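Student: Add chain S to chain B, keeping to what the hints say.
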Amino acid sequence: MVGAVLLGAAAAAAFAADPPLTLERLMTELARAGPGTVRFTEVKSSALLKAPIESSGTLSYTAPARLEKHTRLPRDERLIVDRDTVVIERPARKERLELRLEDHPAVRASIESIRGTLAGDLVALRRHYRVELDGAWAEWRLHLLPSDPELAELVHKVLIGGSGARVRRIEILEASGDRSVMTIGKDGA
Amino acid sequence: MTRRLPLAVWLAAVAACAWIAVHARFTADMSVFLPEAASPLQRLLLGELREGVSSRLVLIGIEGAPANALAAASRALVKRLEGQPNFVYLANGEARLAAAERDFLFANRYLLSPGVDAARFEPAALAAALERGYEALASPAGPLVRRYLPADPTGEFLRLAAAFEAEARPPTVAGVWMSRDGRTALALAQTAARGFDLDAQQANLALIEEAFAAAKAEVGADGAVLRVSGPAVFAVLSRATIRGDIQRLAVIAAVVVAGFLLAVFRSARVVVLAFLPVATGAVAGVAAVALGFGTVHGITLGFGVTLIGEAVDYAIYFFGRRREGEPPGRGLEEIWPTLRLGLLVSAASLSAMLLSGFPGLAQLGAFSLAGLVAALAATRWVLPALATRPVAPAGVDAIARVVPRWRLGGKPRVAALCLVAGVAAVVVARHQPIWDDDLARLNPVGADQRALDERLRTALGAPDVPWLVVVAAASEEAALQACERLEAPLAELVREKVIAGFDSPARFLPSRRAQRARRDALPDAAPLRERLREVVAASPFRPGMFEPFVRDVAAAKAGPLLERTSLGGTAFALKLDSLLVQRDGRWYAFLPVRGVADPASLAVRVAALDAGDVALLDLKAESTALLADYREHTLALWGLGIGLIVAVLFLHLRSAARVLRVLAPLVAAVAATVAILLAAGDTLTLFHVVAALLVVGVGSKYALFFEHGAPDAAQWRGTVFAVVACAATTVLAFGLLAWSQVPVLRMIGSTVAVGASLSLVFSAFIARQAGPERGVC
Numbered sequence: 001m002v003g004a005v006l007l008g009a010a011a012a013a014a015f016a017a018d019p020p021l022t023l024e025r026l027m028t029e030l031a032r033a034g035p036g037t038v039r040f041t042e043v044k045s046s047a048l049l050k051a052p053i054e055s056s057g058t059l060s061y062t063a064p065a066r067l068e069k070h071t072r073l074p075r076d077e078r079l080i081v082d083r084d085t086v087v088i089e090r091p092a093r094k095e096r097l098e099l100r101l102e103d104h105p106a107v108r109a110s111i112e113s114i115r116g117t118l119a120g121d122l123v124a125l126r127r128h129y130r131v132e133l134d135g136a137w138a139e140w141r142l143h144l145l146p147s148d149p150e151l152a153e154l155v156h157k158v159l160i161g162g163s164g165a166r167v168r169r170i171e172i173l174e175a176s177g178d179r180s181v182m183t184i185g186k187d188g189a
Numbered sequence: 001m002t003r004r005l006p007l008a009v010w011l012a013a014v015a016a017c018a019w020i021a022v023h024a025r026f027t028a029d030m031s032v033f034l035p036e037a038a039s040p041l042q043r044l045l046l047g048e049l050r051e052g053v054s055s056r057l058v059l060i061g062i063e064g065a066p067a068n069a070l071a072a073a074s075r076a077l078v079k080r081l082e083g084q085p086n087f088v089y090l091a092n093g094e095a096r097l098a099a100a101e102r103d104f105l106f107a108n109r110y111l112l113s114p115g116v117d118a119a120r121f122e123p124a125a126l127a128a129a130l131e132r133g134y135e136a137l138a139s140p141a142g143p144l145v146r147r148y149l150p151a152d153p154t155g156e157f158l159r160l161a162a163a164f165e166a167e168a169r170p171p172t173v174a175g176v177w178m179s180r181d182g183r184t185a186l187a188l189a190q191t192a193a194r195g196f197d198l199d200a201q202q203a204n205l206a207l208i209e210e211a212f213a214a215a216k217a218e219v220g221a222d223g224a225v226l227r228v229s230g231p232a233v234f235a236v237l238s239r240a241t242i243r244g245d246i247q248r249l250a251v252i253a254a255v256v257v258a259g260f261l262l263a264v265f266r267s268a269r270v271v272v273l274a275f276l277p278v279a280t281g282a283v284a285g286v287a288a289v290a291l292g293f294g295t296v297h298g299i300t301l302g303f304g305v306t307l308i309g310e311a312v313d314y315a316i317y318f319f320g321r322r323r324e325g326e327p328p329g330r331g332l333e334e335i336w337p338t339l340r341l342g343l344l345v346s347a348a349s350l351s352a353m354l355l356s357g358f359p360g361l362a363q364l365g366a367f368s369l370a371g372l373v374a375a376l377a378a379t380r381w382v383l384p385a386l387a388t389r390p391v392a393p394a395g396v397d398a399i400a401r402v403v404p405r406w407r408l409g410g411k412p413r414v415a416a417l418c419l420v421a422g423v424a425a426v427v428v429a430r431h432q433p434i435w436d437d438d439l440a441r442l443n444p445v446g447a448d449q450r451a452l453d454e455r456l457r458t459a460l461g462a463p464d465v466p467w468l469v470v471v472a473a474a475s476e477e478a479a480l481q482a483c484e485r486l487e488a489p490l491a492e493l494v495r496e497k498v499i500a501g502f503d504s505p506a507r508f509l510p511s512r513r514a515q516r517a518r519r520d521a522l523p524d525a526a527p528l529r530e531r532l533r534e535v536v537a538a539s540p541f542r543p544g545m546f547e548p549f550v551r552d553v554a555a556a557k558a559g560p561l562l563e564r565t566s567l568g569g570t571a572f573a574l575k576l577d578s579l580l581v582q583r584d585g586r587w588y589a590f591l592p593v594r595g596v597a598d599p600a601s602l603a604v605r606v607a608a609l610d611a612g613d614v615a616l617l618d619l620k621a622e623s624t625a626l627l628a629d630y631r632e633h634t635l636a637l638w639g640l641g642i643g644l645i646v647a648v649l650f651l652h653l654r655s656a657a658r659v660l661r662v663l664a665p666l667v668a669a670v671a672a673t674v675a676i677l678l679a680a681g682d683t684l685t686l687f688h689v690v691a692a693l694l695v696v697g698v699g700s701k702y703a704l705f706f707e708h709g710a711p712d713a714a715q716w717r718g719t720v721f722a723v724v725a726c727a728a729t730t731v732l733a734f735g736l737l738a739w740s741q742v743p744v745l746r747m748i749g750s751t752v753a754v755g756a757s758l759s760l761v762f763s764a765f766i767a768r769q770a771g772p773e774r775g776v777c
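Chain order of the listed sequences is B and S. This note's numbering numbers the first residue of the first sequence as 1 and each following residue consecutively. This note's numbering numbers the first residue of the second sequence as 1 and each following residue consecutively.
Since the hints were made in silico from the structure, they are not lab data. Warning: the hint list may mix true and false statements.
Derived, one-sided and incomplete: chain S residues facing chain B with beta-carbon distance under 10 Å [what the hints assert, rightly or not]: (1) A99; (2) Y134; (3) E135; (4) L137; (5) S139; (6) A141; (7) G142; (8) P143; (9) L149; (10) A162; (11) T172; (12) Q202; (13) G446; (14) R542.
The model shown is predicted, which means the values in this text are computed figures rather than measured ones. Even for Gly, the Cβ is constructed at its ideal location relative to N, Cα and C.
Next comes chain B alone, as it looks inside the complex (with noise of 0.2 Å):
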């Protein structure tokens, strides 16, 4: 991930000569960038909410199976994914809470489709989605339609967009309408 940052536009450039865009490919781009940790900001919209909840923090990422959200705002949670289980930390409330994420199918899917595009893993993105892609190098969305038809009642389609070997943007449509769009910024820890 880290290698995949620094890269930055010149790497984008470099793509450009590269071969033609395949899913294969661009997974197995994804999967050479190692660990690395990236600042993100998160707007989740709902027609439940007076305004979107904004939020803001680290992502991290280590080969083959942990992930780290850590959102520092509007409060301190942290989201710790590895392999199977999942652990989420409140400091403010002084709580933590272990979760299998086979117990819970929905948390799994969404989880697996951040997972899954930073790891490179087509394997395990296709447990739960069927995996499209469009447009270059320079600018590749993936689309992840769902499935499973369980998980399809609950969310309509996941869209990550990046270029070259970076993941720019994670977008989350939800069955209900609502949606959570997450932009990857840059390298920091």
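Tutor: The following block gives chain S in isolation, referenced to the frame of chain B:
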């Protein structure tokens, strides 16, 4: 006329018996080899074992192909079986079925959730609930929370769902249940028929196999194989095993015994006539069992094989003692008192089976007793009417010469037998363990099928739960209330890690009292709407978004309470049927306990509970204890059987010394047989105990004839020949049973075969040889 009358009576009797036998119902329900239960609780357990919901469960595994192909095959299989009236419930983890349970939990959340009380709907609690909902919306569970938040801001449904999901359930791959190693797709079917309705179950299994073959072809899951297990599968396999066994063993036994008779008598006519008492006995035995028990067990028929070995004896005595120039029945009349005495001794030994408390064993006893009486009667009154020219058996002299070789005096020979018995007793006493009370060993189903059953159960998270808390009550409502009182103390045991978890019928169907309390705690629509308006105004939520919540609370408050029938169409109905049952006018609730870490402390804590009629059951220990009890009981009957035999012998022989001489070889034979079985690595069950009594019954004939002696050398040779020939057929028939796949038959067969051989050898020790004949009154 005197020739015709017995024939006519016999033909009429055989025809009547045959009619009854043909119209008898046959079963292969192995549970008849479970003892009849003494306590109501045991009766309940055995009843559940025989016809409860768990007996109708078919566990299905599909393996041998990649996970995705297995999942596709699983889906196609269930789709094909659905809608068939033979199956009341099918599950393979597909969302569509989970939806039925989810909808039930959601629709009835205000009656089901233990958290529902008046405080839940106070403004402060509502504000806190909205605050949590707001935070959860932005979490990875956001989409799930979003879906239920407007109608269920207090989170009753998600809490209920979490409680049910926390239970061990198989993981899913591509939407269907899959074992953790990904090699077996899993499914469950509940049949409409009872587990031991074997014809129906066989048809059900054929339906599953047919549907699987079609499903496999449809999705192209090459190499995928179907594995099924469960009580119904076991019962059907048992029947097939028993049936195959009976046919094979009966044919072999008949051929071997016929071959033996042909070699000895060298007359086909004699061989055919010798089977006449056997056939008469078999028909009479089946008819007696059908009349006395209502149904005839397959194993009883299997036991009929031994009748070939025993009833043919009478024909051997008949033909062996026939002499030229005498009326046909004369030779038999001479030994009639001894034969009659032998039959009485056999009856005494079979009485222990009749009274054993096992319906299955009682059947075997009744069958043998009726069979032997009929066979002896046929020999005595029918054979003389049919037999023509006497035939001289071959090898009489050769066989007879074997016995007189012992030229010891009377006392040293009895002392030798005492020595044998003593040595055997020492061997037995030094052997540990002697007894095996594991019920599972009685099952004719092979070890690999049992291993498959365990594998599928573990993978499905439906283990054969060995620990149960059982609540008895006068009504369904009282039983459910008792379950609710147990909830808190059992949850405490989970927190203390004494147990990993437990299940309760009150989770699917709370008592009416609990439901009513929850319904009464719900606020009316107007005040709730008013409260919400203020709480929502101060929250990040837009006004009016929680109208579904107000609507659902109002509906629940005005709605009916849940009934048992409300669960129809969900997996909870199946579960409730197995956890809450009515038997003999009482209601019983079962709370299966998982992961018992500390059985002793669990027992102490459950005993201390003050929730009414509550008991903790360890099913495995319980069934083992049951069997041990019945072994004790059978040993007592053994004493009774021996007492009867001694009484019969004493009444006829009228001499303590002679009774002792007759018993000495039999005691030595039984002791040595037990020692041999233990030395060969067997452990003993109560079926061995019963078989040992049969040894006494069979062996007593040899001892009586040898002790009885004969007036001259020629007659003595005839006696020795007949006894040895009879022993040979008995050992052949029971020895064949020792090769049976059915453990009960195998145990009885090996014990009697070894015991009868030893009885013959030891009886020869007390032989009088030629000399003054001793009378039998």
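Student: Against which earlier hints does the structure fall short, listed by number upward?
Tutor: As far as the earlier hints go, 12, 13 are violated by this structure, in ascending order.
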